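A.B. asks: Numbering (this note's numbering), first residue to last: 2 to 578.
It should be emphasised that the hints constitute simulated quantities derived from the structure, not laboratory data.
Some clues are possibly wrong.
[Unchecked claim] So the derived label-pair ranges between C-beta atoms look like this:
(1) Gly142 - Gln11: 18 to 24 angstroms
(2) Glu427 - Pro229: 41 to 47 angstroms
(3) Pro229 - Pro294: 51 to 57 angstroms
(4) Leu160 - Thr49: 27 to 33 angstroms
(5) Asp293 - Gly163: 37 to 43 angstroms
(6) Glu397 - Pro107: 20 to 26 angstroms
(7) Gly239 - Gly142: 44 to 50 angstroms
(8) Glu495 - Ala426: 45 to 51 angstroms
Fair warning: this is a prediction, and the values are worked out from it, not measured in the lab.
Even glycine gets a Cβ: it sits at the ideal position worked out from N, Cα and C.
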Amino acid sequence: MTAVNYAGLQDVPAATPVLISGGGPSGLFLALDLASRGIRSTVIEPRTLIDPDRPRAKTTNARTMTHLRRLGLADALRNAAPLPVGFAQDVIFCSALTGSEIRRFPNAFQLEAGRYGPQPECGQQVPQPVLEAVLREAVAGSAHATLLTGLRVDSFEALPDGGQRVTVADDSGRRTAVDCAFLAGADGGSSTVRRGLGLRLEGESASLSNISILFRSRDLAATITLDPAVQYWVLGPGAAGMVGRMDLDETWWAIIQGVASHDVGGAPDLDPAALVRSLVGADVDVEVIATDPWTARMLLAPSYATDSVFLVGDAAHQNPPWGGHGFNTCIGDAANLAWKIAAAFEGWAGPRLLESYGLERRPVADRTIRDAAANGKALAYHFADPALTAAGVAGEAARAGAHDALAVKQSEFDSLGLVLGYSYAESPLVVPDGAPVPAEDPIRYVPSASPGALVPHAWLEGGTSLYDVLGPGFSLLVDSEALAGNAAETAYAEVLAAGAGHGIPVTVAAVGPSDNGTPMAELWAADAVLVRPDQHVAWRGSSAQAAAAALAVAAGWGAAHPLDQLKEGTNAGAVVS
2 MTAVNYAGLQ DVPAATPVLI SGGGPSGLFL ALDLASRGIR STVIEPRTLI DPDRPRAKTT
62 NARTMTHLRR LGLADALRNA APLPVGFAQD VIFCSALTGS EIRRFPNAFQ LEAGRYGPQP
122 ECGQQVPQPV LEAVLREAVA GSAHATLLTG LRVDSFEALP DGGQRVTVAD DSGRRTAVDC
182 AFLAGADGGS STVRRGLGLR LEGESASLSN ISILFRSRDL AATITLDPAV QYWVLGPGAA
242 GMVGRMDLDE TWWAIIQGVA SHDVGGAPDL DPAALVRSLV GADVDVEVIA TDPWTARMLL
302 APSYATDSVF LVGDAAHQNP PWGGHGFNTC IGDAANLAWK IAAAFEGWAG PRLLESYGLE
362 RRPVADRTIR DAAANGKALA YHFADPALTA AGVAGEAARA GAHDALAVKQ SEFDSLGLVL
422 GYSYAESPLV VPDGAPVPAE DPIRYVPSAS PGALVPHAWL EGGTSLYDVL GPGFSLLVDS
482 EALAGNAAET AYAEVLAAGA GHGIPVTVAA VGPSDNGTPM AELWAADAVL VRPDQHVAWR
542 GSSAQAAAAA LAVAAGWGAA HPLDQLKEGT NAGAVVS
């Protein structure tokens with residue numbers, strides 16, 4: 002286990018701008034994103050240790066890696082990851098690890114060696130405890146984020162002048178109070194903050210459970226007769242499930258799928274080592290480190306926020322793990338919320354800005370849960386067939402039939418449409434332009450600068466990522482070829498003036514063409530795009546006046562509230578220092 006400093010009640014401040022309940026990935030990321038914008042926060046986390054024996058999430062997708070790049074942490078995570086991207090990028094379905102390959106899904110989870118096109122970062126396989134350790138280390142080095150462990154949020158109540166008074170308790174039951182302008186509940190499926198809001202997760206759970214097994218084996222790597230893979234899915238004929246490397250040494254993980262609930266409780270005939278050997282198809286040495294029974298859940302909160310209290314990550318939604326989207330959806334929540342809270346402290350947040358958080362993020366979680374749940378109806382045991390190991394014509398026919406049937410699993414591993422193709426088109430913070438938008442598809446991603454979409458990525462001349470041109474606030478990107486030699490700052494001076502006059506951070510930059518010669522106007526279907534701090538498009542067009550008006554909408558003031566009505570001194574509550 003990885004130790005961290007224990008905090009006592011004496012370390013809890015009397016007041017903090019943002020209090021975050023829960024120091025898992027979403028809570029830590031929120032604190033770091035806020036810190037990158039100069040906003041102080043305090044994270045309250047019950048765990049004093051990071052337990053490496055509960056790896057759970059292992060997939061950090063390309064979108065999350067790009068968020069980490071924005072905070073300067075992508076390389077730190079890759080360097081800490083025990084499994085480099087270059088080791089393997091494929092998922093292999095097989096009859097056993099010593100049997101026949103049945104189907105392969107290449108470049109799963111956006112894993113690609115070399116430069117990646119759709120985002121500035123490709124995916125990374127890394128156990129959640131490693132990710133948490135990297136984030137905790139970053140918080141420890143931050144001047145604006147504080148992590149206090151060994152404590153929990155016990156309750157909260159609204160303050161008369163805005164904000165919340167939060168009661169923090171230690172293991173002995175002693176309590177202290179801390180006032181905050183905003184409270185973020187990133188405290189998991191049993192969230193104290195969600196219960197305090199009177200909200201219940203809605204949905205269902207899978208009928209069968211699963212058992213995760215962490216183990217060591219000296220012989221397994223040499224025993225496997227298949228190509229290297231980031232995951233092997235074993236289709237029987239004994240146990241059915243998944244196996245993968247935890248590192249390049251002797252540590253592995255396995256998930257036995259489709260276990261009856263009464264067996265999950267630890268029935269005497271449930272032997273983890275025997276289950277692993279069944280997946281392997283050989284009598285290898287297995288030293289079981291830990292087992293972790295779990296059931297996939299498809300749950301969603303009816304609302305994400307009430308005034309100054311927000312739900313983030315698993316507190317707001319619980320995703321089945323199929324496709325590796327759960328943790329990544331949590332990070333997306335934090336990235337959406339951080340810049341909006343910062344805007345409130347900086348005084349330029351319109352009345353619709355904070356309320357847009359749930360309006361934007363809840364549909365993303367809903368869509369992700371639905372896709373993962375569909376993949377949960379096609380697990381390894383659904384395809385298990387003793388004939389898959391048979392020789393001769395019968396075995397060949399069975400394997401060919403399973404290969405075709407497994408096509409249904411493509412969206413689980415080739416899910417770029419789900420990872421990058423989500424849009425906030427219905428958000429009050431974007432200016433729709435009436436142009437056709439790409440249809441939602443979990444597999445196929447069509448880059449689009451349609452308002453609400455993620456700004457299409459491009460590599461520019463010299464190897465610079467378009468995303469590295471974006472500023473920390475709003476960015477108005479202008480196709481350099483459309484400027485006909487004029488300076489972008491001059492052509493769109495109206496946007497800079499609007500931002501400067503009302504404290505809205507905005508930069509204007511000429512970009513393009515891409516390193517393959519594609520003009521940005523062709524990529525965007527417009528001369529210019531206004532990009533939000535979270536890299537989503539708020540507006541596209543060619544008029545400086547329209548772009549300045551769009552800045553008001555993107556800041557939460559709405560089309561009926563031009564920037565000249567933005568009131569000086571808008572504040573987030575009593576605790577702003």
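A.B. asks: Does 18 to 24 angstroms hold as the CB distance between glycine 142 and glutamine 11, or does it fail?
C.D. replies: holds, 23 angstroms
A.B. asks: At the C-beta level, are glutamate 397 and proline 107 separated by a distance inside 20 to 26 angstroms?
C.D. replies: holds, 23 angstroms
A.B. asks: Could you check the hint for me, namely that glutamate 427 and proline 229 are 41 to 47 angstroms apart, CB to CB?
C.D. replies: holds, 43 angstroms
A.B. asks: Assuming the hint says 51 to 57 angstroms, is it satisfied by the Cβ distance from proline 229 to proline 294 or not?
C.D. replies: violated, 29 angstroms
A.B. asks: For the hint 44 to 50 angstroms, verify it against the beta carbon of glycine 239 and that of glycine 142.
C.D. replies: Holds, at about 48 angstroms.
A.B. asks: Is the gap between the beta carbons of aspartate 293 and glycine 163 within 37 to 43 angstroms?
C.D. replies: Given about 42 angstroms between the Cβ atoms, the range holds.
A.B. asks: Just tell me: holds or violated, for the beta carbon distance of leucine 160 and threonine 49 against 27 to 33 angstroms?
C.D. replies: Given a distance of about 30 angstroms, which is inside 27 to 33 angstroms, the answer is holds.
A.B. asks: Just tell me: holds or violated, for the beta carbon distance of glutamate 495 and alanine 426 against 45 to 51 angstroms?
C.D. replies: Violated, since glutamate 495 and alanine 426 (Cβ atoms, about 26 angstroms apart) do not stay within the stated range.
Consistency with the previously given hints fails for numbers 3, 8, ordered from lowest to highest.
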